[in-house]
Amino acid sequence: MTGTLDNTATKTAAGTDLIAGFPFPFLEDRYRYSTNVEPAEQPVTTPAGQWGTAVVDIDAEYRAELDQRAVILAADPTRHAVLPHMVPAAWDAMFTLMRELGAAYPEQMQLRSTGPDEWLWRNGILGVEQHFRYGDETTLPDEPLRYITSQVQEDIALLDQRNDELFVDAGVVTFAADWSFGFDVGMSFLEIHGPVPRIRREGVITRAHEFLKRLQPHQPYRRTNWTLTIDRRLDVSTELYPEWGPDRESIQLVDDAEFGRRVHLRVEVQHLIRLPDSGAVMFLIRTYMLPLEQLATVDPWRRRTAEVLAELPEDMADYKGIIKYRDRAAQWLRDAAPTPAPTTPAPTGPGMPVWPTSPPAVDTTGAAFLVVAIGDDAATAHVSRNWVAAAEAVGATRLLVLDTLTDEQDRAALDAALGEALTGTRVLVTGGQYDVMTALAIAREAGAVPAELSSFVVHTRDLPLYCAHCRTTFRVEGRAGGIVTCPGCARDLEVHEHHSPTMGSFLASAAGGDA
Numbered sequence: 052m053t054g055t056l057d058n059t060a061t062k063t064a065a066g067t068d069l070i071a072g073f074p075f076p077f078l079e080d081r082y083r084y085s086t087n088v089e090p091a092e093q094p095v096t097t098p099a100g101q102w103g104t105a106v107v108d109i110d111a112e113y114r115a116e117l118d119q120r121a122v123i124l125a126a127d128p129t130r131h132a133v134l135p136h137m138v139p140a141a142w143d144a145m146f147t148l149m150r151e152l153g154a155a156y157p158e159q160m161q162l163r164s165t166g167p168d169e170w171l172w173r174n175g176i177l178g179v180e181q182h183f184r185y186g187d188e189t190t191l192p193d194e195p196l197r198y199i200t201s202q203v204q205e206d207i208a209l210l211d212q213r214n215d216e217l218f219v220d221a222g223v224v225t226f227a228a229d230w231s232f233g234f235d236v237g238m239s240f241l242e243i244h245g246p247v248p249r250i251r252r253e254g255v256i257t258r259a260h261e262f263l264k265r266l267q268p269h270q271p272y273r274r275t276n277w278t279l280t281i282d283r284r285l286d287v288s289t290e291l292y293p294e295w296g297p298d299r300e301s302i303q304l305v306d307d308a309e310f311g312r313r314v315h316l317r318v319e320v321q322h323l324i325r326l327p328d329s330g331a332v333m334f335l336i337r338t339y340m341l342p343l344e345q346l347a348t349v350d351p352w353r354r355r356t357a358e359v360l361a362e363l364p365e366d367m368a369d370y371k372g373i374i375k376y377r378d379r380a381a382q383w384l385r386d387a388a389p390t391p392a393p394t395t396p397a398p399t400g401p402g403m404p405v406w407p408t409s410p411p412a413v414d415t416t417g418a419a420f421l422v423v424a425i426g427d428d429a430a431t432a433h434v435s436r437n438w439v440a441a442a443e444a445v446g447a448t449r450l451l452v453l454d455t456l457t458d459e460q461d462r463a464a465l466d467a468a469l470g471e472a473l474t475g476t477r478v479l480v481t482g483g484q485y486d487v488m489t490a491l492a493i494a495r496e497a498g499a500v501p502a503e504l505s506s507f508v509v510h511t512r513d514l515p516l517y518c519a520h521c522r523t524t525f526r527v528e529g530r531a532g533g534i535v536t537c538p539g540c541a542r543d544l545e546v547h548e549h550h551s552p553t554m555g556s557f558l559a560s561a562a563g564g565d566a
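Quick note on my numbering: the sequence shown kicks off at 52 and runs consecutively.
Mixed in with the good hints, there may be bad ones.
Derived CB-CB ranges, DEER-like [said to hold, decoys possible]:
1) Ala418 with Gln161: 51 to 57 Å
2) Tyr292 with Gly533: 57 to 63 Å
3) Asp306 with Val122: 29 to 35 Å
4) Glu471 with Gly532: 53 to 59 Å
5) Gln270 with Glu471: 26 to 32 Å
6) Gln270 with Glu300: 43 to 49 Å
7) Glu188 with Asp215: 51 to 57 Å
8) Glu443 with Val405: 37 to 43 Å
9) His269 with Ala361: 24 to 30 Å
Note that these hints are calculated values from the structure, not bench results. Cβ coordinates follow ideal geometry from the N, Cα and C atoms, glycine included.
Make a model of the complete structure from these sequences and hints.
Here it is as structure tokens:
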């Protein structure tokens, strides 16, 4: 049975696409348990691509993972359970997911009404066409929850809310990461998470429980979780520990090339949805895996994962089951640093701003926090939300969202927010290069010192340019060393590799020295 259930046979499938859509989970060089929830359906831009546009995600592993689920369910019926009072929630979950699939993949998936409570469901990828009556199990080939999990890569758990508590009373979970769905059915949310270290002492589980109880229909949220897995094995459930547990020892004996191929960063994207008709809470758990050898091809991921693994506290590494080989994984990633290309590097002299390659961590010593998000780039929204979540756990936090600092009203709003900031406030700015540089200069003028300022630039296609002839600063699209036309005096200007943090701009003068 092991050979049938193991997913190693699919490891060569569309590797590039899987990297591009991989939900890299680390926002800082350290990791601690947190609720880390954010609104769903917001795209996240990464150094390799993008993820997060839809609640349900179909990728190159679709058929292979559905085939694995069918084999697992046939071998172990305890992976599927629906307690009698959860039958309406199972229908609600199936219908909700059909709608989500239809919205995300309208060419391949359609749900169409054919009469009162009569529906036609079509899945063009699998060649499925099913007429059914909502609530009538005789019109489906299987129980509703099991039917829909034969068409999505996500595991599903349904939580019933009663007596002010949540209980896991239904689900189909075939790709568990070292836990047993069959054992947990009927347990409360708090009971299930009892063994996780730190989360009760630090209040994480209580906050998560309260958040889930407040969920509203049509407002889905998501979070990520992670661990390491040996081989591309989705099913590392407690029931199969004798099959995969010994790998934690044997992986230490292999050479470096095999280690990089077999050790995977395993990430779960968990969507949290209040079902509209039954009121149950649906947990969707989608699992993604990348071997270290592929992860290392994206250098910011390589460096950050190495730092997270090296810094992870012992009790957390032990609970995740990675303590025996996490140090080697961290060192493997550090040793996989790319050899610098023998090319002339871009100018990064003392006069040039050097932007961080990933959002800096929130300085938790701050007395208060002002997060400034400028522009409509999706990455700006994502970075600012994560900063706010981290800052709110520490102290008073304000989020200021602006369109652009070329707008006088937006500048006035920033001036006002800085004027109201208390001594010791940490100011965190994200957006395009022009807006970030301008905002930092305004903050310095308002009295902020460098230790109080953090920034993350989501793109560098524009910059603030000081014309030595007009003596005015403009927003232009260009780069240091390039030629632009001055919006003020219409001269062709060369943008010098010279930047003033005080003025928040690059210096430019007439190209070729012509006045």
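Has the hinted range 43 to 49 Å been met by the Cβ atoms of Gln270 and Glu300?
45 Å Cβ-Cβ, so the 43 to 49 Å window holds.
Do the Cβ positions of Glu188 and Asp215 conform to the proposed distance bound of 51 to 57 Å?
31 Å, violated
Holds or violated: 26 to 32 Å for the Cβ distance of Gln270 and Glu471?
For Glu471 against Gln270, whose Cβ atoms are near 31 Å apart, the range 26 to 32 Å holds.
Look at the Cβ atoms of Asp306 and Val122 and judge whether their distance stays inside 29 to 35 Å.
For Asp306 and Val122 the Cβ distance comes to about 32 Å; the hint holds.
Would you say the C-beta atoms of Ala418 and Gln161 sit inside 51 to 57 Å of each other?
54 Å, holds
Does the Cβ pair Glu471, Gly532 satisfy 53 to 59 Å?
40 Å, violated
So does Glu443 sit 37 to 43 Å from Val405, Cβ to Cβ?
Between Glu443 and Val405, where Cβ atoms are some 29 Å apart, the hint is violated.
Within 24 to 30 Å: is that where the Cβ-Cβ distance between His269 and Ala361 falls?
42 Å, violated
Distance restraint hint 57 to 63 Å, applied to the beta-carbon atoms of Tyr292 and Gly533:
The hinted range 57 to 63 Å holds for Tyr292 and Gly533, with Cβ atoms some 59 Å apart.
When held up to the earlier numbered hints, the structure conflicts with 4, 7, 8 and 9 and fits the remainder.
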